[in-house]
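2 protein chains.
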Amino acid sequence: MKIIEIQEKTFSISSEIKNAYISFAKMDCSVVALKSDVKINGEHIVGYGFHSNGRYAVSELLKKRFIPRLNEAEEKDLINDEGTNFSPEKIWKVLMQNEKPGGHGERSTAVGTIDMAVWDLVSKIEQVPLYEHLAKKYGNGKHTNKIFVYAAGGYYYPGKDIPMLLDEMKSYLDLGFTTVKMKIGGVPLKEDLKRIEGVLKLVGDGNNLCVDANGRFDLATAIEYGKAMEPYNLKWYEEAGDPLDYELNSELSKSYKNPLATGENLFSVQDSRNLIRYGGMRKEIDWLQFDCSLSYGLVEYLKTLKVMKDYNWSSTRVIPHGGHQLSCNIAAGLDLGGNEIYPSLFQPFGGFPDSSNVENSYVTFPEFIGMGYEKKVKLNDLLKKLFN
Amino acid sequence: MKIIEIQEKTFSISSEIKNAYISFAKMDCSVVALKSDVKINGEHIVGYGFHSNGRYAVSELLKKRFIPRLNEAEEKDLINDEGTNFSPEKIWKVLMQNEKPGGHGERSTAVGTIDMAVWDLVSKIEQVPLYEHLAKKYGNGKHTNKIFVYAAGGYYYPGKDIPMLLDEMKSYLDLGFTTVKMKIGGVPLKEDLKRIEGVLKLVGDGNNLCVDANGRFDLATAIEYGKAMEPYNLKWYEEAGDPLDYELNSELSKSYKNPLATGENLFSVQDSRNLIRYGGMRKEIDWLQFDCSLSYGLVEYLKTLKVMKDYNWSSTRVIPHGGHQLSCNIAAGLDLGGNEIYPSLFQPFGGFPDSSNVENSYVTFPEFIGMGYEKKVKLNDLLKKLFN
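Heads up: the sequence lines are chains A and B, in that order. For what it's worth, our numbering labels the leading residue of the first sequence as -12, then goes sequentially. For what it's worth, our numbering labels the leading residue of the second sequence as -12, then goes sequentially.
The following block holds chain A by itself, in its conformation from the complex (with noise of 0.2 Å):
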């Protein structure tokens, strides 16, 4: 059992959106696709991946370390035992030979994008989708087609004003999503509590709104915004301050009683584990949201996972960061809260198939092999392209 063939590209998901700390005009992705000489129905089974938003692509790392790695393997140390399928944490291992520990960026992208399509193989040569897979393989055997999700955007862009952010939201509301979450941060607080409060009255409750400062704010800006938030009774605050430290987010959850989330830019196991140690986190109401295409991918992320698990934390505490397929997968077979979509952003490489429902901010897949991309037509003709 051999990759035969390994493809890799940059695409451009660039727009004019702004959060309060970057802007995404130059944002583009990396996606890699392993053909495999496995064949079903004449086929060779191909495997898929990419990486999420607000990090950069990583081409040369691709070229230059991971994918040479993978392709100067010996079979056996990319398959497993028996031989039936390869191996995603054998591949992983590959990957990571000869990297240093510590410094997690970058490279945690392109390890998560590879990792991304080995899932893909994996679970179609397995012909069902991952999520199944991963509910009898690493979960406990439970799996949904049905999980909850968000409409991430309320972007600052320029010319945009309050009836523009609305008009957003409102069509987030048109397809099914209750639940929403705006940016914060990048105007002067006065200004973004006008922006959250109508957005509130569309929204109708606090719970249907989460608020993201990118990790903008210091611990007096962030316990100021927390203050005039608090009464709105929001669904998340997020990434109030820095991802890194640690003792702003432990201070802020002491003086602030809604929920937290954060951890999107936590690109390791060990990051993640700092978070749960010395974040301040509370087991009952925040939310951790890891993205493991930006960090290493699933193999690193179920090291994560068993972390939490280690610390006492509901794996339905996750809700991930970045609105693609394999964390909705993840989420679907390994019972996490949830997932992030952005239904106007980063297309087509965000959300899932084409032909799933969403209501009442809960999506139901149709039926898919694999991650799912055959479904969603224009990720398949994007991805179809990478052999020609």
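Quick caveat, the hints were computed from the structure, so don't treat them as lab data. Among these hints, one or two may not hold up.
The list cannot tell twin chains apart, which means a pair is met if one copy fits it or any two copies do.
Taking lysine-lysine and the DSS-like style, the derived pairs with C-alpha atoms no more than 30 Å apart in a straight line are [to be verified]:
| hint | residue 1 | residue 2 |
| --- | --- | --- |
| 1 | Lys(-4) | Lys372 |
| 2 | Lys87 | Lys293 |
| 3 | Lys157 | Lys87 |
| 4 | Lys63 | Lys80 |
| 5 | Lys293 | Lys241 |
| 6 | Lys244 | Lys124 |
| 7 | Lys5 | Lys77 |
| 8 | Lys63 | Lys5 |
Here the structure of chain A is known, so what remains is to put chain B in place on it, guided by the hints.
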């Protein structure tokens, strides 16, 4: 005042050595050169930068993100308010545009590489050695041309036995070093203890020997090694566990009474601060080894030194990883505890000017301008070729 040409190139620094974690067989390094329109004696002033060993070249990150940002910046965003020189801090802000917080790896090397070139350029325009510029502008005004250095080596490589290890260490003593460092953790404890005892006989005193596990141990093994090594009274026991496992480090510090050292794989001020907050490091005896070239350069390092001050750590507790001349200059200008040197490895990048004098593990620099590269013939030859 403008940067008129930028070059970047990747050089191999491959060798057969291994530490407890990785092989260096495919190790490489990015080098950049910034040519300015400032002329002295009819020559354009050029700043050169590269990064430390242990992380791979970052050519694409330089070419696709960081160098374009520099090229696209307006002049006023690159020079100081007086217009008399380039501003490392302003250039750093330009480089870090549209980079999300967190995920400190690879890009931290790319920014560190450019930042090194900027400091070389700035101090050449001032026509002083960088350490003098640093002391005057960022330090207490006092500088020295003599700093503590130790010889790092003692790697594992194919066929290397204890006599060969002793030959290597003897060669360092012959060069004027009295303090040396060797790797541990790549073979069983019993074998490592024999290697350590062999070297101890040669260097005479535990205070002349450091050992480095390169982050390989779990807590039990770290403590086991600590118990076995405590009687030797070593100068330090380095990176016992994963660089981000602050709890392991903190637990080890309760069990191991002699000095610990760590920090070379923490690539941001936030990570360094977390080590100080949570790692149990003892400001009276332990050593911090942050390496600016891997962690966004000296602009970020100045923030790290500020954090240390805020936590009542003396700058003399820092002896950086990496063995490059930027750390030599920082040590000499900002009162660090010294610098690491690899006399037999990673050449021609590491070390200090050729005519430097090493005695009792203190190096005295000859006169130089800027970083001092021009007084290191082989390095200078390599750098000069960047514009051919």
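For each hint, the structure was consulted:
no.	hint	verdict
1	Lys(-4) <-> Lys372	within (10 Å within a copy, 32 Å between copies)
2	Lys87 <-> Lys293	both (23 Å within a copy, 27 Å between copies)
3	Lys157 <-> Lys87	between (47 Å within a copy, 28 Å between copies)
4	Lys63 <-> Lys80	within (12 Å within a copy, 47 Å between copies)
5	Lys293 <-> Lys241	both (27 Å within a copy, 27 Å between copies)
6	Lys244 <-> Lys124	neither (38 Å within a copy, 45 Å between copies)
7	Lys5 <-> Lys77	between (39 Å within a copy, 22 Å between copies)
8	Lys63 <-> Lys5	between (46 Å within a copy, 24 Å between copies)
Hint compliance for this structure: hint 6 is the single one not met.
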